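S.K.: Numbering (the working numbering), first residue to last: 1 to 117.
If you're looking for bench data, these hints aren't it; they were derived computationally from the structure. This structure is a prediction, so every number in the text was calculated from the model and none was measured. It is possible that part of the hints are untrue.
Unchecked claim - With a straight-line cut-off of 30 Å between C-alpha atoms, the simulated BS3-like cross-links for lysine-lysine are: (1) Lys-37 <-> Lys-69; (2) Lys-106 <-> Lys-45; (3) Lys-37 <-> Lys-92; (4) Lys-113 <-> Lys-69; (5) Lys-92 <-> Lys-69.
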Amino acid sequence: MKILFIHQNFPAQFKDLTPFLVARGHEVRALTMRDEKQVEWEGVKITTYGGSRSSTSGIHPWVADLETKTIRGEACFRAAMKLKAEGYTPDKIIAHHGWGESLFIKEVWPDAKLGIY
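Kindly produce the complete structure, drawing on both the sequences and the hints.
M.R.: Written as structure tokens, this is what we have:
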């Protein structure tokens, strides 16, 4: 089974689960914002992404958090689209909901099962 984890600080809370899944023969990948050159960790293929912009200075405080999450969601969406163009399609996606990365992920892979942690 192909399983994709999405977390801005991967491996984070998935540090024990992902190697466990790899050891059982699953193909495990991760999308993360971590700025590092590592392309694999414990058998997990890592793809990094970053926002194309930062939050708007002086934006209304009631929408500042939404804007930040939307920027992260867009960055993750673009990285996912690149993976899809390369032929990757996960069966399952596990994502942390709190940072916005998973906002648009079902637009990329509508048939993948999405688990929100």
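S.K.: Are the hints correct? Go through all of them and say.
M.R.: Results for each hint:
no.	hint	result
1	Lys-37 <-> Lys-69	24 Å, holds
2	Lys-106 <-> Lys-45	21 Å, holds
3	Lys-37 <-> Lys-92	25 Å, holds
4	Lys-113 <-> Lys-69	22 Å, holds
5	Lys-92 <-> Lys-69	22 Å, holds
Violation of the numbered hints given earlier is absent; every hint is satisfied by the structure.
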